[in-house]
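**Q** These two chains come separately, so use the hints to put the complex back together.
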Amino acid sequence: MGLFTNKFQDNIIVEKLDNLLSWGRSTSPWFFQFGTACCAIEMMAAAASRHDLKRIGMIPRSSPRQADVMIVAGTVTMKMAIRVKKLYEQMADPKYVVAMGSCATSGGPYWQHGYHVLKGVDLVIPVDVYVPGCPPRPESLIEGLLKLQEQILEERPLTRKMA
Amino acid sequence: MTENQQKLIDELVNKGLDGDMDAVNAHQDRMVRAKAKSMIMKIQKGILKRPPLKKISPEEVPNGDIVQNQEKKENKQESTSAKVVRKLLEKFPNEIENEEFDSHIQLKPDKWFEIATWLKSEPELFFDSLQCQMGIDVQDDILESRYNLHSMKHNHYVELRIAVSRSNAKIPSVEKIWRVADWFERETYDMLGIEYIGHSDLRRILLPDDWEGWPLRKDYQEQETYHGIIVPKMKEGWE
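Listed in order, the protein sequences are those of chains A and B. When we follow our numbering, the leftmost residue of the first sequence carries the number 1, and every step to the right adds one. When we follow our numbering, the leftmost residue of the second sequence carries the number 1, and every step to the right adds one.
Worth flagging that the hints you see were computed from the coordinates, not collected in a lab. Everything numeric in this text was worked out from a predicted model, so none of it was measured. Among the hints, a few may not be true.
No farther apart than 16 Å at their CA atoms in a straight line, the calculated lysine to aspartate or glutamate pairs in the EDC-like style are these [stated by the list, open to error]:
hint	chain 1	residue 1	chain 2	residue 2
1	A	K79	B	D110
2	B	K176	B	E114
3	B	K35	B	E3
4	A	K54	A	E154
5	A	K79	B	D10
6	B	K42	B	D10
7	B	K91	B	D110
8	B	K45	B	D29
9	A	K79	B	E222
10	B	K170	B	E187
11	A	K79	B	E3
12	B	K49	B	E11
This is chain B alone, in the form it adopts within the complex (with noise of 0.2 Å):
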């Protein structure tokens, strides 16, 4: 610890044993202020003597490396869909949907094949890893599908969410980028009716066939009977 940092220390306990405690909480060197306030507790328990008083000029307080250290902190802290936003804006103007990127990026379906390519290739992000899809019914007539995309070479992740609408639930398979993505649009065909296009083997993956209906949009009926099997209807009793 340098000397100016120890003159600043002694002016905020001192500033803080007169009743001003918001001059040392609102301090912006998380270590400055940590050992202020332990020096405080520890002067009111009688463990130590209070420093002298001294005026200290505004010169010999250390502002500049301080406030490099936070400019470096704030670079880190650049989330990852905050990154991949900045860069998307580049390449793709006019596909993002929504405005605060904290958890999700909301995306258009029109070009989700080409930046879903870009998304893997790009050696800063490098999504090379689905980890997830899933399809979710929003109400209002609006289907969601989701994709969890993860990097292993930079250990990060995104969340990216795709909106249709249900009468024209048509968006681009990522199969042939990501191999995973066979299986998990297959099961969100199956549940939802969202069909992927191009997608090399667009089945249902649960339900038979020759079922009908998707079950997870919020409007589904129940069929009234399965190859001659009666599906009762009545559960009056149960609810």
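Only chain A is shown next, with the shape it has when bound in the complex (with noise of 0.2 Å):
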């Protein structure tokens, strides 16, 4: 242990690399606003100064090469999904979604009679957390972006995945 022995001041912590990424990654999640509905008007109260999405390191962006996070507010038209598929694609590595309210989840309301309308978001890009209600509140979404930060934690980018 020579090399390294009293050689920190008390302010140095010493933790993986590894959990130290998953760590920052997962306390600022930058997310892409991506409202297609009323869940949107949610989603910006979320954001708003009461329930400040900032507390737990979120803030949105306008452009999706700059957001880490996809929250999908709002039900999804034939005709959005291919916008939808588009901008997702543009996200750069690491990305996630976040499928907001009963629409971008399973098409909701539109499930019987919306010929038009996607039956849930994750017919077209994977989706990690499945926020439901119609819309859901600010608390409900979150709770589920608290979930996703406790994903993220999890992960292990450095380490090699076993087969």
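**A** As structure tokens, this is what we get:
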């Protein structure tokens, strides 16, 4: 141990780089604000001062290239589904998706008669967290985002994955 | 109020109090009727005294004024659709399909453009605003295009309907007459597949350009996939 013994001050933390990376990612997932319907209002409320998503390190970005998380807030029509996929593909890795509200998770009220509505955004892009509700309250959304952060924290980006 | 009218009311009141209310109710002038009825009420409550029984001669009954007033009223009450129909029959005979014009006028599609031009330019009608144009599938293989017209100048409305068959869904476009019809007609085309002949830019407006079928037709079938995205049809659990 001779090389590092007594070399560091009090304010230095020793941790695995793997853990550090996932911790850093989980505490600052900037989200791509993607409101397609009424859920966007609740997403705005969650980002505004009362609920304040910045407390948990989430900052809204208007470009997919600057964002880590895509919150699909609202009904996705077939016409929009192609655009959703395109926007998802423009995001840089690592990227995560939160399906907010019943429309984005399953088609919601348009399940039976909505010929033009995508029955769940997971038909197009992989979804990490589903937030149910019509629309979900900001508290629900924050709960979902905290779940996502837990999920990111458990990742080990540098460890080789065993088959 | 004239003396004659007062006499008339007195007589009606006397008749009513004697049990012949039909005579009161059948009277034509609304004002006389109402006054007679209120007077009967007051007499029954004891506020007024019963008018003296007196016979009036037929010459004194003021029929002349009342009849004239009623004729004027009827003239005013001619509905806009009736007016349009009256003028339309003079100008374009054989273009109207329905017989009662309470709510709407049913037209044939062939001369619709000429009729629309005329409706807008005719000074007595002057329908300068197309408030709404919509389409509907009324079953039995018939599609309808409906137009709600309004005149800013005369403040009157009319609803026109044009029915076409599904196999030959073609209607002349009125986009050049009312500019607002541009998007209205595009939407009807998008949803029902009615082709508006003469429209400058007839594309789908809401659905993507490569969509198959006309969704608001009753016989519409959802497509299986759209750009490789599956459209699930397993909906039994929800019904």
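**Q** If a hint holds in the structure, say so; if it does not, say that too.
**A** Cross-check of the supplied hints:
Restraint check for A/K79 and B/D110: not satisfied, since their Cα atoms lie roughly 36 Å apart, outside the 16 Å limit. A hinted pair counts as satisfied when its Cα atoms are at most 16 Å apart, and B/K176 with B/E114 qualifies at roughly 12 Å. Between the alpha carbons of B/K35 and B/E3 the distance comes to roughly 14 Å, so the proposed pair stays at or under 16 Å and holds. For the given pair, A/K54 sits about 21 Å from A/E154 by alpha-carbon distance, which is inconsistent with the 16 Å threshold.
For the hint linking A/K79 to B/D10, the alpha-carbon distance of about 77 Å lies beyond 16 Å, and the restraint is violated. At most 16 Å may separate the alpha-carbon atoms for a hinted pair to count; B/K42 and B/D10 meet this at roughly 13 Å. Straight-line distance between C-alpha atoms of B/K91 and B/D110 comes to about 15 Å, which keeps the hinted pair within the 16 Å bound. In summary, the hint linking B/K45 to B/D29 is not supported, as the alpha carbons are separated by about 25 Å, beyond the 16 Å threshold.
Pair hint A/K79 plus B/E222 holds up; C-alpha atoms about 15 Å apart against a cutoff of 16 Å. Restraint check: the Cα-Cα separation between B/K170 and B/E187 comes to about 15 Å, which is no more than 16 Å; the hinted pair holds. For the given pair, A/K79 sits about 78 Å from B/E3 by alpha-carbon distance, which is inconsistent with the 16 Å threshold. Restraint check for B/K49 and B/E11: satisfied, since their Cα atoms lie roughly 14 Å apart, inside the 16 Å limit.
Hints 1, 4, 5, 8, 11 from the list above are not met by this structure, while the remaining hints are.
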